[in-house]
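S.K.: One letter stands for each residue in the lines below.
Number of protein chains: 2
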Amino acid sequence: MGKTERHATIADVAALSGVSVGTASKALNDRGSLREETRMRVKEAARQLNFEINAGARSLHSGRTYTVGMITTDTIGRFSIPVLMGAEDALGAGQMSVFLCDGRDDPIREQYHVKTLLSRRVDGIIVTGRRTQARAPIGSALPVPVVYAFISSTDPDDCSVVPDEAGGAHKALDHLLAIGRTRIAHVTGPEHHHSAQVRAAAVGERLAEAGLTPAAPPLFGAWSEAWGRQAVGILLAGGTEFDAVFCGSDQIARGVAEALRAIGRRVPGDVALVGFDNWDVMTEGCQPSLTSVDMNLEGLGRAAAEMLLAAINGSPSPGRHARPCHLVVRESTSVPLVPSASA
Amino acid sequence: MGKTERHATIADVAALSGVSVGTASKALNDRGSLREETRMRVKEAARQLNFEINAGARSLHSGRTYTVGMITTDTIGRFSIPVLMGAEDALGAGQMSVFLCDGRDDPIREQYHVKTLLSRRVDGIIVTGRRTQARAPIGSALPVPVVYAFISSTDPDDCSVVPDEAGGAHKALDHLLAIGRTRIAHVTGPEHHHSAQVRAAAVGERLAEAGLTPAAPPLFGAWSEAWGRQAVGILLAGGTEFDAVFCGSDQIARGVAEALRAIGRRVPGDVALVGFDNWDVMTEGCQPSLTSVDMNLEGLGRAAAEMLLAAINGSPSPGRHARPCHLVVRESTSVPLVPSASA
DNA sequence: GAAAGTTAGGAAAACGATTGCCTTCACCGT
DNA sequence: ACGGTGAAGGCAATCGTTTTCCTAACTTTC
Chain A
1 MGKTERHATI ADVAALSGVS VGTASKALND RGSLREETRM RVKEAARQLN
51 FEINAGARSL HSGRTYTVGM ITTDTIGRFS IPVLMGAEDA LGAGQMSVFL
101 CDGRDDPIRE QYHVKTLLSR RVDGIIVTGR RTQARAPIGS ALPVPVVYAF
151 ISSTDPDDCS VVPDEAGGAH KALDHLLAIG RTRIAHVTGP EHHHSAQVRA
201 AAVGERLAEA GLTPAAPPLF GAWSEAWGRQ AVGILLAGGT EFDAVFCGSD
251 QIARGVAEAL RAIGRRVPGD VALVGFDNWD VMTEGCQPSL TSVDMNLEGL
301 GRAAAEMLLA AINGSPSPGR HARPCHLVVR ESTSVPLVPS ASA
Chain B
1001 MGKTERHATI ADVAALSGVS VGTASKALND RGSLREETRM RVKEAARQLN
1051 FEINAGARSL HSGRTYTVGM ITTDTIGRFS IPVLMGAEDA LGAGQMSVFL
1101 CDGRDDPIRE QYHVKTLLSR RVDGIIVTGR RTQARAPIGS ALPVPVVYAF
1151 ISSTDPDDCS VVPDEAGGAH KALDHLLAIG RTRIAHVTGP EHHHSAQVRA
1201 AAVGERLAEA GLTPAAPPLF GAWSEAWGRQ AVGILLAGGT EFDAVFCGSD
1251 QIARGVAEAL RAIGRRVPGD VALVGFDNWD VMTEGCQPSL TSVDMNLEGL
1301 GRAAAEMLLA AINGSPSPGR HARPCHLVVR ESTSVPLVPS ASA
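Heads up: the sequence lines are chains A and B, in that order. Okay, so the first sequence: first residue is 1 according to this note's numbering, each after it adds one. Okay, so the second sequence: first residue is 1001 according to this note's numbering, each after it adds one.
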């Protein structure tokens, strides 16, 4: 692996090229007035010595570190990854590096991370997490801007970028209505879970607006395939008639799909199915492939990062910013309507 | 969000507590000889000013940044996350912060990241990636230690920490043999994929050692459920008799499980099934739940981080370090053997 | 050929913290 | 009264870079 050669300093470069440190600095940064020949000589020396500028020393002078912290409130998971990647992408374009901190749902650990980040003089902080529920701010009057992504802050003056989950649910419903479904059930996650609440409420709203009543009251359970399978049993046991199920997650939807297949109801022929999250593993693994609501988490992360950059440059965008979801239509809703029964 | 109060410096603290900067530094670091009263006064002033030490300035003096870089060669994914988390965990315990860099399979981008990290004077670098195949080193004679995790370096002198995939496959086979299966098929990923090759070779080995021949030659395909489903069709079409399938991934295994169920073969009664990766979403979603090989990626990440820390402290561990996989037994292999047919 | 203007590059003061050395002072024993 | 001893804390160099002056040497120009 090497572990050779110590880091060259600008003084080494200056010495090798026979100029003063100040001049070397100017040469490398294309600043000041120097002969072209000198500039090249210095640059060549730098190249030769493998000179990499000491960013820490530079920051000392400029006050900027071109570094941001990213804190996940809970563990890094399926939802934080795309957010994180989107942010990393947008920040990388702005030459910024990212400190990744995993909060592990532990407030002490989180505060420790905040302190560390401040100590490292990050230019800003992005906070993200597994669920969209608002959370207490990570600190008050912090010396750097903070943007909450996916998750949001309870302080309305904080900048939060969140998916418009209700809007996403509306789109799912509109789609189901458009393909002629009228007996629509909703199977989702735990009742206390913010996303489950929001989406269920949105479903109720849209159905009411369409002059319909739900096929059944929303079924709250777990975010799992097992619950999806179980929920079908509950619907059947209750004698509910339904020609569509909108699920709070793709995993639930997949469970529903399997249970329906097991009892011989065809998807989408008899029952149209829509999931939420647009998680490829589920939408593709599901038979038939699953129509789903996409929260565009990567775009959300990118947007959050861009807002952070703007805030760092003096133009904060306080408040809660909801970003639209979109529907990705696949086989599970591909049939407009089937009269009765056909192969 | 605040964006208030500029950062206090040690000079502010010194001024507020009426001592010199040097003394303030000693007080805060419990160094030098100071009256207890003075020490407390300084610490109180620091608290009052929300003083957070400027880590960059400190590093300037100490030469250590307590920072490491983590580069994913490809995109951050299902395999890099646990590695990353394990590493973050181990490094956090050593007070180190992690720079996350996403290589996106782009060598240029990767080299840019290496440069940036060196410029930020990281104490070390961890390289990881989606696949276990060896890759070219990220640089030669770098001034800091590098550890490859999951992925490995083609340079045998580099330190690489990898899962013992062959060993994992052996464990899967041993388990299947132990529950009395003798007609074992292997369905796995693309033939050119390193993991697929290694695991398939290991299967062949173990079967030979047991004096058995494979139920069929290894079936190479994609890392998907669809391929798993399709593979069952191929086995049947070929007239292959088999009482167990060992799959190269949990996704493939799940596809196999579904296809078997569709044609009425019971798992594990008629066919025992073992996956690879121990990915909860698949092992739990699968019916029945799936026995799988766990590469313990988080532990691997932790181990890599510990080796990096050791290397930073002057005790490198060059070479390739294979870490054992272990088998997690679930329902898909829970029945020792079923004579013929029963509910 | 001298005054003025340009140019190239050097010297040194930051930036924020650490640390080795030095000074000051109090206290001690003789 | 005086030197010795320790403790407390100040001073200044240092880390690597940037940037603001400043100086010396050329060019112009009349």
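None of these hints come from the bench; they were simulated from the model. Cβ atoms here follow ideal geometry from the backbone N, Cα and C, with glycine treated the same way. One or more hints might be untrue.
As the list claims (entries may be wrong) - Below 25 Å or equal to it, Euclidean Cα-Cα: the simulated DSS-like pairs (lysine-lysine) are:
(1) A/K26 / A/K43
(2) B/K1171 / A/K115
(3) A/K115 / B/K1026
Stated by the list, open to error - Taking beta-carbon pairs under 7 Å as the criterion, some of the chain B residues facing chain A (in silico):
(4) A1011
(5) S1059
(6) S1062
(7) L1118
(8) R1120
S.K.: Which numbered hints does this structure break?
M.R.: 2, 4, 6
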